[in-house]
Amino acid sequence: MHHEDDQGPPARARVAVGYTATEAGRGAVAAGARLARALGADLHLVLVVPDTARGAVVPPDPGYEAVLRTSAASWLEEAAALVPADVPASTRAVRAESAAEGLLEAAHEVGATHLVVGAGSERGLARFGVGTAASELLHSADLPVVVVPLTDDDGRGGGPAAPALSRVTVAVGTRPGADVLLEEGLALARAAGAPLRLVSLQVLDLPGRLDDDAVQDTADAHLRAVLDEARAAVPDALVEEALVVRGRDVTDAVGGLDWRPGEVVVVGSSRLAAPHRLFLGATAARLLRAVPVPVVVVPRTRPEGGPA
Amino acid sequence: MSATQHPAQHPAQQPAGTPAPAADGGLSSKGLSAGTVGLVGAVVIGLSCIAPAYTMTAALGPTVSEVGYQVPALVLVGFVPMLLVALGYRELNRAMPDSGTTFTWATRAFGPWVGWMAGWGLVAATVLVLSNLAGIAVDFLFLLLAQVTGNPGLADLAGNAVVNVVVCLAFMAAATAVAYRDMQTTQRLQYGLVGFQLLVLLLFAGVALYRAATGEPGSEPVSLEWFDPTAVPSTAALAAGLSLSIFIFWGWDVTLTMNEETKDPDRTPGRAATVTVVVILTVYLLLAVSLLSFAGTGETGTGLGNPDLQDNAFAALAGPVLGPLGALVSLAVLTSSASSLQSTFVSPARTLLAMGHYGALPTWFAKVHPRFFTPGNATVAAAAVASAFYAVMRVVSENVLWDTITALGMMICFYYGATAFACVWYFRRQWFDSARTAVLTLVCPLVGGVVLAVLFVTTLVDSTDPDYGSGSSVGGVGLVFVLGVGVIGLGAVLMVAQRLARPAFFRSETLRRSDSLTDLRPASTDREHA
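Just so you know, the protein sequences line up as chains A and B, in that order. Residue numbers are given in our numbering: position 232 of the first sequence equals residue 232, and the series is strictly consecutive. Position in the second sequence (from 1) plus 1000 gives the number in our numbering.
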């Protein structure tokens, strides 16, 4: 993956964006551009065209292939036009069996640090309320995947002078693995000059139990400890806020939080994931649906020698 | 993977209207899914497109009613014009690969007016077959339910017009969703489905032959005369039968036209086409001979001349031949119709898309779906027309499936004929370059085109008779004639409307007339999608 470093000066970091000519795709480009600006990275816009020879019923047709090629080219042109002038961008169309497969391949080819995708418009239909491609990525990617909800208000009027990211919220979990999460949040906040907010979610999923108070107290203390530990790990000056939020469920808990235009939230993938890979946990999945800003899903562990 | 990286590009730095070279280069570097289809894959695609179980159940009755016992002869003879035209089709597909196929080729050879009508013919034929396919599927769904539950009353539900139309529209909606979202059957599943279909048809034919040979009442001994086309009672019957037998090979041409997509482009398409046609001919001849022998051509009971089973011969014969195993035939026809719906949806949608692209239809048709990469709008339009057509026909016609199949044969002759002549004319300056070009671009398509033109005109004239086909008529004229002329006339009206609304295509501004030699010169790029 690092073979590119062999040739010439070190390549600039790249943020890959999975583009489709839809509202979700345009949202992904806007969010990707903001992230790229924050990281001082180049933007790489990728359009995946499905492999037409994958079926066994419809005969392959070179004429229609040509139509798809020109469509893909003009869509990518439209996508490039959406990128602000100060963010260098390249485009690429790839052919793959599935969108997720093509996006991962293209992201690896350019050594992208992040892969940005739109959440898709099929809310409620797909299992996680995200598009098929995003959902597949969230169960297989080995790099941070940024899922951009359709409701994202990116503050597009901001212009180049505005900070690239207004705030970075890290959803600190209750379990080990938070260090990678904090690193990611810290890196984003530092690069963008944005404040950091640490949030710990407490979901009271057993209401009405006799020992409710005791459970809550224990959980509370535990979360506080995790949060304090997280807070201790990052420089104080960066942390704007560190808080525990409670609710009957994730949506309820998240409902109490305020969000700024241009904010992102960082969450970790599930412990079920294979090392260095994503596997969207139940809490993270619910968070994804409840939060109106882009969600950066980070693999639980870093690949050996990977970017810190 | 030569072009993985491209310099940063901004729209401002790019001349307007030029496709992004990065995108184009990136995609072509991986090729047109080159070399992914092997011999078996190509044969399976061919068999799926032809859909022998569906085709035979729909065409056997109407063909018997035209030519009696000479169906096997017609199967053999009907293949010839199909082969001749398919050879020309392949030459055109090599020279001008374009999603508009017949529409684009005929426009390039003969100009916008002929091209428009040829494209319309293709769309009309495929829309007709879509409605027929869905209708057959409905019959077999209820038959299968009846066979499985042991309640014969269920099969009669298909005869209830309201139930029939509602279920048929539901089928059509499901097939549209599959085509719209480009949900592909996996290779393994499709191999299984095609294999199952062939095995069931062989079992069906084998048992019918055995029972006929062991003295089934009403059976007829097999005779060599059945293979003799000269024994057909009249030339009118021969023409009608032939135009039906063109339909049974419809779809076979795709095996010939898959070139660079195959693993071995020099040999695979030819072998695949040969294997496919041998399989298809074997199955058709076995079925025709065995069912003729089992049931005879009588006009009562299970006789294939019985008007009540013209629509759907297998539905009537599966039970008498196979007994409880008849459900297998229903299942084979259902799966066959499903794959055929899937592959058939593609051609009108892509042709409508190309017509929209070149301005022969509103640009709405030219939209490629941004997530599914299908001709989404064109697919929905084709489905809507096919559904409406079926619903209307169900009310108007006594035997909707019979009449649509006959009209379909006629429309196939129309647009295949136009394609064949387009091939002859487009290559006119290269006819005598070699013996190969003389045969493939002049002799074969010309003979094929003339045969189809004769069949088209003969069928059209004969179908004015109110007794033609199922005997449905409108105002004293045969329904098939009304259908054929109505469809072509409607096309002409829409063509003039589009000429008035957007004349660019009709002034040859989007797609120019040309010939093969002119197009070989490097300067000619006008046929590229802009």
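Please note that the accuracy of each hint is not assured.
As the list claims (entries may be wrong) - Calculated lysine to aspartate or glutamate pairs in the EDC-like style (CA-CA distance at most 20 angstroms, straight line):
(1) B:1367 - A:228
(2) B:1263 - A:97
(3) B:1263 - A:51
(4) B:1367 - B:1220
In short, the hints are calculated from the structure, not lab data.
Results for each hint:
For the given pair, residue 1367 of chain B sits about 55 angstroms from residue 228 of chain A by alpha-carbon distance, which is inconsistent with the 20 angstroms threshold. With a CA separation close to 18 angstroms, the supplied pair residue 1263 of chain B and residue 97 of chain A stays within the 20 angstroms bound. Taking the CA atoms of residue 1263 of chain B and residue 51 of chain A, the gap is near 16 angstroms; set against the 20 angstroms cutoff, the hint holds. Distance check on the hinted pair: residue 1367 of chain B and residue 1220 of chain B sit about 55 angstroms apart at the alpha-carbon level, beyond 20 angstroms; violated.
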